[in-house]
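Trainee: Mind docking chain H on chain S? Use the hints.
One line per chain: the protein sequences are S and H, in this order. If you read the first sequence in the numbering used here, its first letter stands for residue 1, the second for the next number, and so on. If you read the second sequence in the numbering used here, its first letter stands for residue 448, the second for the next number, and so on.
In case anyone wonders, no lab produced these hints; they're calculated from the structure. From a predicted model like this one, the values you see are computed outputs, not experimental measurements. Ideal Cβ placement from N, Cα and C applies to all residues, glycine included. Incorrect hints may have been included.
[Said to hold, decoys possible] Here are the simulated lysine-lysine pairs, DSBU-like style, with alpha carbons at most 30 Å apart:
#, chain 1, residue 1, chain 2, residue 2
1, S, Lys57, S, Lys246
2, S, Lys137, H, Lys693
3, S, Lys246, H, Lys790
4, H, Lys793, S, Lys239
5, S, Lys333, H, Lys589
6, S, Lys346, H, Lys686
7, H, Lys739, S, Lys333
8, H, Lys739, S, Lys246
9, S, Lys292, H, Lys686
10, H, Lys739, S, Lys239
11, S, Lys239, H, Lys780
12, H, Lys790, S, Lys239
13, S, Lys246, H, Lys584
14, H, Lys524, H, Lys504
15, H, Lys564, S, Lys292
16, S, Lys343, H, Lys589
17, S, Lys377, S, Lys439
18, S, Lys343, H, Lys564
19, S, Lys246, H, Lys780
20, S, Lys385, S, Lys439
21, H, Lys584, S, Lys142
22, H, Lys589, H, Lys739
23, S, Lys142, H, Lys589
24, H, Lys508, H, Lys564
25, H, Lys836, S, Lys137
[Said to hold, decoys possible] Derived CB-CB ranges, DEER-like:
#, chain 1, residue 1, chain 2, residue 2, range
26, H, Asp625, S, Glu175, 40 to 50 Å
27, H, Arg470, S, Ala416, 55 to 65 Å
28, S, Asp144, H, Thr593, 26 to 36 Å
29, S, Gln325, H, Leu534, 56 to 66 Å
30, S, Asn136, H, Glu684, 26 to 36 Å
Number of protein chains: 2
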Amino acid sequence: MKNFTIVGGGLVGALQSVFLAQRGFRVDLFERRPDIRNADIYQGRSINLAVSNRAWKALRKVGAEETIREIAIPMYKRTMHDIHGNLTFQPYGKEGEAIYSVSRGELNRTLLQIADKYEQTTMHFDARCANIDLENKTAYFKNDITGEEMSHVYEHLIGTDGAFSAVRHRLMFNERFDYSQDYIDHGYKELHIEANEDGSHKMDPNTLHIWPREDFMLIALPNIDGSFTCTLFLGWEGKVSFQSLKTERDILGFFQYYFPDVIPHLPDFMEQFLNHPTSALQTIRCYPWHYKDSVVLMGDAAHAVVPFYGQGMNAGFEDCFVFDQMLDEHLNKFENFFEAFGKSRKPNADSVAELALRNFIEMRDLTADPDFLLQKKIEGWFYQKHPDKWVPLYSMVTFSDFSYEYALQKGDYQNAIMAQVMKMPNLAEKWNSMEVEEKILHLLSHS
Amino acid sequence: MKNFTIVGGGLVGALQSVFLAQRGFRVDLFERRPDIRNADIYQGRSINLAVSNRAWKALRKVGAEETIREIAIPMYKRTMHDIHGNLTFQPYGKEGEAIYSVSRGELNRTLLQIADKYEQTTMHFDARCANIDLENKTAYFKNDITGEEMSHVYEHLIGTDGAFSAVRHRLMFNERFDYSQDYIDHGYKELHIEANEDGSHKMDPNTLHIWPREDFMLIALPNIDGSFTCTLFLGWEGKVSFQSLKTERDILGFFQYYFPDVIPHLPDFMEQFLNHPTSALQTIRCYPWHYKDSVVLMGDAAHAVVPFYGQGMNAGFEDCFVFDQMLDEHLNKFENFFEAFGKSRKPNADSVAELALRNFIEMRDLTADPDFLLQKKIEGWFYQKHPDKWVPLYSMVTFSDFSYEYALQKGDYQNAIMAQVMKMPNLAEKWNSMEVEEKILHLLSHS
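Isolated chain S, as found in the complex:
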């Protein structure tokens, strides 16, 4: 029977400990922060999460799907708010398909509760990983409040300690460990729309709201308490940017001009804007994800992505699912399992990173473009008619089991076909005609 030490009790760490405990392994889970089941967790920056197929699949495998559904709100479409407050809509998938808004804190708390039910699992909070002695398989933890230090000898250590992973930081000093951290030119600031007095939502809760403004955007995701978590993504520098919004007058003018229909829902936007922190967004890539058979990275620790495809947590949970799946084959020959796991996941991690970077442009700019919306409408229509021949990229990523790597490649291929289709004259009038259908079928069979 194997012993696993998990460093990082966030979403992926908590879920991974459930997977391992269900196999009867002994699990020690170490988390830098206090036990969030007892503590106030709001930090003023926590983009809401969108649970989709890959996360549900992993949650289902450990029997946690129903519990999580209770704290999640389905969003069936994007609702775009233009500069005058006019709305347009774009369904995410087929009838009934949705992504689910959930608060990171709620989800984390729930998963820790589930993980804690297994008696072979021991949780250690207020335990920051201070160092790892790879050769002697010993991890050192420190309680930053009491100053207390402890060491822990591990058999297998899993680093699920997020984008600023201490485990990965230790591996970084190994020879031939490739690593990159790349910040984008935009930062983000969270704003909070309160519920109505009767606890209802101030806008349609079953949708993801976007205010696309070309180079920047505001989004809003619903919470179960009737509130919305809004996130403003804006350039650090530039003509309209966090840097350019210096005075209260600048900020007022900015909201009045770009988000007039938000102001009634957000009467204290000025106070929130001034008091909430502005945070940076980065992509983290590294390889290899393992050290011998003793340490492996999963989730954001291995592959942090920008949040624009809503796939960061889904990709992390898929790590857990695939790890569990591959473990079946490796139980009796554990040697090189960590290496095989990283090798199998790395191309998918790189692909979801690329997809996430691209989707920012789609969300902030293209969703306001009639041609783009028409293309998506045609793809959705063709997909309904020929689900064996075409799955829109968003659906492959969000509602299917296709690998991220496959989805990215296939998406590029389909996009090249659609570029041809979009050149057809008078397309808006005949977008769902036999002529368009045959054009796509022809292009599919000749490329």
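Mentor: For chain H alone, coordinates are given in the frame of chain S:
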């Protein structure tokens, strides 16, 4: 009068301290290692350096050129050794142009001696930078032998502490600091050919010897004591690789088959191969290079490159030269100087990194290709006739003041033209004909 704290007393740190001391600034130089002027510095891994124009220019500006010439050996050409020991030659530049082989240790020692002559300079050895408090401008150093710790308040701190820079490591935790470390699939091992008993060299010393073997290579650079420093660059894994050379029999077979003419010069190759470490090669990129007006990175700390263009140290010395040049304009308005310096150097650092990666393929593979050698011969001939119209890429990088960024772009442009020229029939017989000359002139005026 300003005070500068330099962290890292390697080549760039030593030269930078001379530049600053010559302006009358107070300089504190901290170096992790003992004073190499008193210590044995050989570590079994120190690829020899090739001093070329950019380094000479910087050395000349501080008056150190002549001193360094005394410890350097000119190499006028590449000498390629084929598998049977047959030699071919490729001049590096025009008549009399050479790159200069120098040992890293000798050069470092000499520069430290020069730096130490200035009374406003204080050198601190055995002082490893353990931490930097950016807000309070305090650097912490530790003597790893005695355990003694000291703190040092700085006004301006320059990080010249190499590829594994502690200063950069501290900046890495700042928001929006982009960073990457990328290892290549080849490692290297140093071997040493002793001088003859009379102190003479066993091969021509005025050349860089290459044994190009497509996927790997051996090189040898002369030392002033009659010896050669050889470096074997070989894949970590693969059919012929460090991993595949497991037994003494493997190693013997490898040398006998690929480097038969080296064995007489290197009778103890087996012992050296088994006992010398195998080291990794990486490219390091980061940005920004500064923190406010208080910290800046230079040399390998900002931009470590693979060694195949012989430009790592040249690029670092050019940093010093440009820093000094830009300082003239910024003396009275120091604000944003570090930012401007990094911004100006970054595209050149990225370009020399790319050039270095590409040159590995040229050295290990193309130098054994008759077509490649013919192309270089044509370029050299055309350059002699039209020096205003064409400078071969190698000459731009090695013997000119053109920026690395310009050289890379212009090199790609010229290479596209040469691809056309190389298609001319019977080129080997007419390579220096008027027809070829006119073809190049025509392509230059029409692209």
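Trainee: Now tell me, hint by hint, if it's right for this structure.
Mentor: The hints, checked one at a time:
{"no.": "1", "hint": "Lys57/S x Lys246/S", "result": "violated (45 Å)"}
{"no.": "2", "hint": "Lys137/S x Lys693/H", "result": "holds (27 Å)"}
{"no.": "3", "hint": "Lys246/S x Lys790/H", "result": "holds (25 Å)"}
{"no.": "4", "hint": "Lys793/H x Lys239/S", "result": "holds (24 Å)"}
{"no.": "5", "hint": "Lys333/S x Lys589/H", "result": "violated (45 Å)"}
{"no.": "6", "hint": "Lys346/S x Lys686/H", "result": "holds (24 Å)"}
{"no.": "7", "hint": "Lys739/H x Lys333/S", "result": "violated (53 Å)"}
{"no.": "8", "hint": "Lys739/H x Lys246/S", "result": "holds (20 Å)"}
{"no.": "9", "hint": "Lys292/S x Lys686/H", "result": "holds (22 Å)"}
{"no.": "10", "hint": "Lys739/H x Lys239/S", "result": "holds (22 Å)"}
{"no.": "11", "hint": "Lys239/S x Lys780/H", "result": "holds (26 Å)"}
{"no.": "12", "hint": "Lys790/H x Lys239/S", "result": "holds (21 Å)"}
{"no.": "13", "hint": "Lys246/S x Lys584/H", "result": "holds (28 Å)"}
{"no.": "14", "hint": "Lys524/H x Lys504/H", "result": "holds (21 Å)"}
{"no.": "15", "hint": "Lys564/H x Lys292/S", "result": "violated (50 Å)"}
{"no.": "16", "hint": "Lys343/S x Lys589/H", "result": "violated (39 Å)"}
{"no.": "17", "hint": "Lys377/S x Lys439/S", "result": "holds (16 Å)"}
{"no.": "18", "hint": "Lys343/S x Lys564/H", "result": "violated (54 Å)"}
{"no.": "19", "hint": "Lys246/S x Lys780/H", "result": "holds (25 Å)"}
{"no.": "20", "hint": "Lys385/S x Lys439/S", "result": "holds (14 Å)"}
{"no.": "21", "hint": "Lys584/H x Lys142/S", "result": "holds (27 Å)"}
{"no.": "22", "hint": "Lys589/H x Lys739/H", "result": "holds (25 Å)"}
{"no.": "23", "hint": "Lys142/S x Lys589/H", "result": "holds (22 Å)"}
{"no.": "24", "hint": "Lys508/H x Lys564/H", "result": "holds (16 Å)"}
{"no.": "25", "hint": "Lys836/H x Lys137/S", "result": "violated (62 Å)"}
{"no.": "26", "hint": "Asp625/H x Glu175/S: 40 to 50 Å", "result": "violated (22 Å)"}
{"no.": "27", "hint": "Arg470/H x Ala416/S: 55 to 65 Å", "result": "holds (58 Å)"}
{"no.": "28", "hint": "Asp144/S x Thr593/H: 26 to 36 Å", "result": "holds (29 Å)"}
{"no.": "29", "hint": "Gln325/S x Leu534/H: 56 to 66 Å", "result": "holds (57 Å)"}
{"no.": "30", "hint": "Asn136/S x Glu684/H: 26 to 36 Å", "result": "holds (27 Å)"}
Comparing the model with each numbered hint stated earlier shows that hints 1, 5, 7, 15, 16, 18, 25 and 26 do not hold.
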